[in-house]
Amino acid sequence: MLTCIYAACKIEENHVSAEELGKGISQDHQMILNNEMIVYQSLEFDLIVYAPYRSVEGFINDMEEFFNAGDNQLEMLKTLQETARFEVDKMMLTDAPLLFPPGQLALAALGNSNALHRVIDFDSYLRGIFSRENSMHTMSELSESLDAIDSWVIVSHSNVCPLTEQMCKFQINILYWLGTVGYFCFTWTTVRP
Amino acid sequence: MDHSKKVADRYLKREVLGEGTYGVVYKAIDTHTGQTVAIKKIRLGKRKEGVNFTALREIKLLKELKDPNIVELIDAFPHKGNLHLVFEFMETDLEAVIRDRNIFLSPGDTKSYLQMTLKGLAYCHKKWVLHRDMKPNNLLIGSNGQLKLADFGLARMFGSPDRRFTHQVFARWYRAPELLFGAKQYGPGVDVWAAGCIFAELLLRRPFLQGTSDIDQLGKIFSAFGIPTAPQWPDMVYLPDYVEYQYVLAPPLRSLFPMATDDALDLLSKMFTYDPKTRISVHQALEHRYFSSAPLPSDPDKLPRPAPKRESRVSDFNSQEGPTILSPPRKSRRVMPGRDGFEGNSLQADKVDASFGDFRQTTDDNTGKNESAPMSVDFSIFGLKPPNRPTINSADRSYLKRKLDLEFQ
Numbered sequence: 001m002l003t004c005i006y007a008a009c010k011i012e013e014n015h016v017s018a019e020e021l022g023k024g025i026s027q028d029h030q031m032i033l034n035n036e037m038i039v040y041q042s043l044e045f046d047l048i049v050y051a052p053y054r055s056v057e058g059f060i061n062d063m064e065e066f067f068n069a070g071d072n073q074l075e076m077l078k079t080l081q082e083t084a085r086f087e088v089d090k091m092m093l094t095d096a097p098l099l100f101p102p103g104q105l106a107l108a109a110l111g112n113s114n115a116l117h118r119v120i121d122f123d124s125y126l127r128g129i130f131s132r133e134n135s136m137h138t139m140s141e142l143s144e145s146l147d148a149i150d151s152w153v154i155v156s157h158s159n160v161c162p163l164t165e166q167m168c169k170f171q172i173n174i175l176y177w178l179g180t181v182g183y184f185c186f187t188w189t190t191v192r193p
Numbered sequence: 001m002d003h004s005k006k007v008a009d010r011y012l013k014r015e016v017l018g019e020g021t022y023g024v025v026y027k028a029i030d031t032h033t034g035q036t037v038a039i040k041k042i043r044l045g046k047r048k049e050g051v052n053f054t055a056l057r058e059i060k061l062l063k064e065l066k067d068p069n070i071v072e073l074i075d076a077f078p079h080k081g082n083l084h085l086v087f088e089f090m091e092t093d094l095e096a097v098i099r100d101r102n103i104f105l106s107p108g109d110t111k112s113y114l115q116m117t118l119k120g121l122a123y124c125h126k127k128w129v130l131h132r133d134m135k136p137n138n139l140l141i142g143s144n145g146q147l148k149l150a151d152f153g154l155a156r157m158f159g160s161p162d163r164r165f166t167h168q169v170f171a172r173w174y175r176a177p178e179l180l181f182g183a184k185q186y187g188p189g190v191d192v193w194a195a196g197c198i199f200a201e202l203l204l205r206r207p208f209l210q211g212t213s214d215i216d217q218l219g220k221i222f223s224a225f226g227i228p229t230a231p232q233w234p235d236m237v238y239l240p241d242y243v244e245y246q247y248v249l250a251p252p253l254r255s256l257f258p259m260a261t262d263d264a265l266d267l268l269s270k271m272f273t274y275d276p277k278t279r280i281s282v283h284q285a286l287e288h289r290y291f292s293s294a295p296l297p298s299d300p301d302k303l304p305r306p307a308p309k310r311e312s313r314v315s316d317f318n319s320q321e322g323p324t325i326l327s328p329p330r331k332s333r334r335v336m337p338g339r340d341g342f343e344g345n346s347l348q349a350d351k352v353d354a355s356f357g358d359f360r361q362t363t364d365d366n367t368g369k370n371e372s373a374p375m376s377v378d379f380s381i382f383g384l385k386p387p388n389r390p391t392i393n394s395a396d397r398s399y400l401k402r403k404l405d406l407e408f409q
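Just so you know, the protein sequences line up as chains A and B, in that order.
The numbers in the UniProt record's numbering rise by one with no breaks, and the one at position 129 of the first sequence is 129.
The numbers in the UniProt record's numbering rise by one with no breaks, and the one at position 398 of the second sequence is 398.
A hint or two may mislead.
Unchecked claim - Keeping only pairs whose Cα atoms sit at most 30 angstroms apart, straight-line, the calculated BS3-like set for lysine-lysine is:
#1 B:Lys-13 / B:Lys-27
#2 A:Lys-78 / B:Lys-127
#3 A:Lys-90 / B:Lys-126
#4 A:Lys-78 / B:Lys-184
Simulated from the structure, these hints should not be mistaken for lab results.
Model the full structure from these sequences, guided by the hints.
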């Protein structure tokens, strides 16, 4: 598990040294390093997980134009964005980022955030996207994807392991890395039956 | 990828192609496909921080980048305590082409090389990847003449707001002014500036701005393009390492590139715009009229090839694995006498070290004298040593140490 965290930090260019990780849990850091190559091999060196944070920001900018937002609505969109960010944090603990493109993940997060804050008419925004983009896909296909993403969050959230819960208390940013780690753990399990 | 295979079970080793900071690159044959490959062997050993950071980055990004103008990463696996990266084999690089005085680059040839460089770069930027080490010897050329971007050890993804990067990237001669002023937040403009330097190098047949330190590099940039003015680059005074330079008026670009066409000069000036926000993007550069005006870019398979490099070493494996198959004789290279009005005609090597203030270039036909030159590049003919291309030099040693300690982002 620690090797996965170490590798995730390294891959995401937020490096934490093995020594520091080792100190944190009174473990020999060499054990972390010895398993590093095994982690990469297990993943077949597919190392990038695309997080939807940037997509959320992109959609917020797009909404500002779409709704021709005034000052008051800009404030509400900022609130929408902040809540969506927490939704994304939850998603990163699931397999959803490995199954859906970032844009759909971002829309699912924004949809949930909007359900809470009621900032915009979300459905009319989605229809607006389709009418603007001459999409090959349909509204119902997108709705199915968004519902599937929500299902992943609901199911996985109840299975958060104790170690993850503890680490969540340290800093919010580590959720970003744990999303990647979640994938490693999953693969790790399948590698060692 | 089948990780259970060993090198010997799949890849037949051939000669060593080169050696870098992190290990050896050697030629090999993929017995599964018959394809010739280049294998970069990266030492793992007892490193303090595990798997090499730049190797990891190269794997990570090249797995996402599939384009005709980007070198292909075919396979990656550990073997005998080392990490092996398997790339498609590329015969030579753009630096060798530029340096080979037996090669004449026609205006269409130059245009073709630049277009392929920018196409590879456009794909990177479209995928939110900065290359950050654009220079001629990282632009590899295959047997079919295709140019491909290589060496993604300094590359990384961009576009996240508020992410700060190191400014210690690019070999110095290709480093954009905002990096020399210590910018930590930058974007694809840094790659465009470097591509502009490569364009200039194709035209001049020598490196363009050969600074010996960061201060000197800025000095040479300002000698070529004039001191940036506040209207030109409003934000420059806010950069961390900004210093004022003595006022210099920009010489006409024509005086630096006397044989270039108006379209080429226009594209160059847009690539060398000081303000990164107004510098031309790669996408816009590819749409520039330079590429659609006559002569059109040459077909890659018709581009001239440099003389084959001497084999640096023959692997011991050769005798055990059967005779080495010699490559078929190359087509004769096109060596043409220079003509008036053609780009790249001026091969005045003795002017390499001239200061820009005194820069003059004659139109004397010098190419004819080289027609009988030996196959290999012989710099003694021009009475000077080839310029030493900076990669990581003494001034950047602290940077290298930090890079090895993984202290930069």
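Verification of the supplied hints:
1. Distance hint between B:Lys-13 and B:Lys-27 is fulfilled; the C-alpha atoms sit about 6 angstroms from each other, no more than 30 angstroms.
2. For the given pair, A:Lys-78 sits about 27 angstroms from B:Lys-127 by alpha-carbon distance, which is consistent with the 30 angstroms threshold.
3. For the given pair, A:Lys-90 sits about 28 angstroms from B:Lys-126 by alpha-carbon distance, which is consistent with the 30 angstroms threshold.
4. Of the supplied pair hints, the one linking A:Lys-78 and B:Lys-184 holds, its CA atoms being roughly 26 angstroms apart against a limit of 30 angstroms.
Checked against the numbered hints above, the structure violates none of them.
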